[in-house]
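Put chain H on the given structure of chain W with help from the hints.
Residue strings, one per chain:
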Amino acid sequence: MNAHAVRAGAKALAGMAAITIALAGGAHAQTGGNLPAKVAELASSAKQEGEVTFYASCPEPIAAAVAKGFEEQFGIHANMLRLVTTELQIRYARELQAGAQSADAIIVSHGDGFAEKLIKDGLMVDPQNAGIPALDAYPTKLFKQGAAIIGAEALGFAYNTDLVQEKDVPKDWPDLADPKWKGKLLVVDPVTSVGNTLPLLMIQEKYGDAAIQGIAANVYRLTPGIVPNFEALAAGEGSIGITSLASLAKPMAAKGAPVAHVTLSFAPLLQHSLGLTAKSPHPKAQALFAWYMMVGEGQKILNDPERWSRASPVTGENMPKEGVEMDNSLLPKADALYKLFGTSKKK
Amino acid sequence: MTIEAARSLQDNDAMHGLPRRRTKPCATALDRISLGVALVLALLAVYPLGLLVTELFWVDGHFSFDAIVNTATMPGLVVIVVDTVIMVIACSLLALAIAAAFAWLNERTDARFGFLTDTLPLLPFMVPPVAGAIGWVLLLSPRAGYVNGIVRALAEPFGISLREGPFDIFSWGGLIFVMALYQVPYAFLMIVSGLRSLDPSLEEQSRISGAGLFETLRRVTLRALGPSIAGAVLLMAWQGFALFSVPAIIGSPAGIEVLAVRIVRLLTFSYPPQVDVALGLSMIVAALVSVTWIVQRKVIDAGRNSAFGGKAHNIRIIRLGAWKWPMRGLMLLYIFAAAIMPLCALIIVSLNGFWSLSIKWGRLSLDAFRTNVFEHPITALSLWNSIVIGAVTATVGILAAALISQYLLRHRSGLARGVDGALKLPAVVSHVVIGVAFVIAFAGPPFHLGGTALILGMVYLVLYLPQALAATDAAVGQVGVELSEASRLAGASDMQTFRRINLPLILGSLVAGWSLMFTRVAGDLTASALLSGTGNPVVGFRILEIYTNGSFAALAALTLVLVAITFAIIAVLFAWQRHLMAWSR
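Quick note, the sequences are listed as chains W and H, same order.
Just so we're aligned, residue 1 is where the first sequence starts under the numbering used here, counting upward by one.
Just so we're aligned, residue 348 is where the second sequence starts under the numbering used here, counting upward by one.
So that you can see chain W by itself, here it is in the shape it has in the complex:
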């Protein structure tokens, strides 16, 4: 072994050691034992404020776990209020416009530019300008539309395990257009929300009109929401439910319901982003909560792949191969989609 090789080896070892130490230190800091100095300082002053309040549209057990984790790590009470995205946005925006700020932060589905509109009015603040410390590990590309993307979940379909054998489970979206599924699909009615419209439009965009027309032709019934869709699927009203979230399918399957979730390679991504209130009632606790959700323990809790099968856009963990962000530019095609799915037709 020559001297050059030894030096190169030593450099590599030193580099690896440095990376290991940095990663270990970082990981340690984020488990709460040894916070970055600025975060520790922030935590100390946040404690004086006593509490933080956040609104969230992710499932209640996840939001509750996030709140509990924050309380355990920082000793600061976290109030949580959960509703679906649009209702939360209406409520939050109207409170801000009325000067009745009750939430310090809001976590909702990303994609409609909700925060941008309120930042323009001085009612929200962009997280990248909010003075949140120690965000080195947060990818700046995730600051979008005045919010910070902090979590994701891939949308797929679910099937009734009593009615569909594993070998017959569709491998890709166009497989659902096969006439053998005629009268067997339960689809969440796209007219109920933009979140139920966009995935179908994205499938249409990716696989063409024939695929979505075939899927529409196989529909047995449109359901008024994702929960009724899952329940009807478990009961055997249909064999396949579109669309599905693993975070909802898993708890049902754990109770013995014959449902299983499938994430396909092309997966519309339901992303969650964090928005921050300007003139927050608890500014220090708000900044600390934002740090916690973006790079701290909250990030791990929110996107825990084991508990909720979610994915982290921040670390890239569990992200689907072909995860695609919701594309609001497709919405002008929505009316044609509704017609196709017969939502305006009588039986």
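Partial selection, computed: residues in chain H whose CB lies under 7 Å from chain W: (1) A491; (2) A595; (3) T615; (4) Y618.
Honestly, the hints are just simulated from the structure, not real lab data.
Idealized CB from N, CA, C, for every residue including glycine.
Here is chain H on its own, set in the frame of chain W:
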């Protein structure tokens, strides 16, 4: 002055051929208090909506008619309006027929079955509509509905093999049937309280004069009950146009879209909500309900000329003879089908953990109750808040409604009619719109009521006062003004007259109205979604949360606990009311 004394003075006049005394109403202390209460409540209704309407029509310093244009040009508007009207008329007629038959059998015949037929018809009303609709989906879904499953299993031995059906809840018939079930309690309560206030001597005189049972029913009872029936129709129309959950869960999958569903979707499809078109559609609902309202006022006005005042005393129960048990059977069958079956479906799902026809009886558990009700950190507090806010709001609301109805009966000025209209306006506006308006008006400065129990109480009062007013309008309309005028002529003060004459006579309707308000407030979902917060959680908010991202088992568990509490409170109240009325006879 007592009711009997007032009645004898009134009868004395009639015996001596004197015209009925009707003094020109002059403003008394009670009138001033009633008007004050009415004005405050009208302001509470109009001010927030006024702010919202101004925001919509006054854009960038000038009037904008975009809201009207966007509403008028909405695709499919005519179909939605026609479908809505068909649904409301059909379910109201069905409900009225069921309720009238039920009320008459219960109050005038020996087919009454005590507690069973007194209170159980109200049970569907106590189930929040979202859970009630799900209960029927669980029973009558074509493939996995419990009733369909049982019918198919029974048909199998006879060689009849069905893959699905025979019933399909997702149809016009299913929608009208479930909507009617939610209308029956309104009509039942109104007609029962009308029958209890009705002096039965007229019916007896009719029969003594040779009129048969049905002729008496048609020519005396139904005519005298005009104000109650009109009030019931008005309430059912409001309810029919406003109810969102049942048409959303049962109608939409059948391709039937109605105004209430479209309004809520305009508000919740995406951000920002299309409040302008939602309000425009609400105005169409207002126009449709106004027709019912005008008819109701005319019936009440007409009822004044035939008002005979007084409450039921010495009622002679009609013996049905051989018809008694068949009638009882029909009543019990209705109660079983309308009230017990959907609750049973909810109980099974709550114990099973999910909806399934293949129930593993050995694996049933109370997990859904434990995790979502008993051990959930805020459910107990939510339930308590809902019951307390419901009781306080219903008490304030029904007393205010009694005063206001009394005032409106005696005064027909433009101001009185304007106040009446303002108070009833919220009945035709989507609750989501009113919730938004309350956030704008009261959550921030200068009131700072956001997140308080007070703002919830205020919005519930505004939302459900029209229902209380329909109940009290009918009651005071039926009692008329003659007894109170007789009391005044005899020297009783206005306050004494109200306390000792009017109040006892309309007590039955007050209890009915209180029950309507309490039940609706305790289970309110939509306004609660916008105004209930971390500091003032209510159970409706939890139900909505579970419906959008939980499970049917969790929803069923919470609903069943709420129904049990509500039912217990109302059953006690009804027992007390019967006791009180029996005692006063």
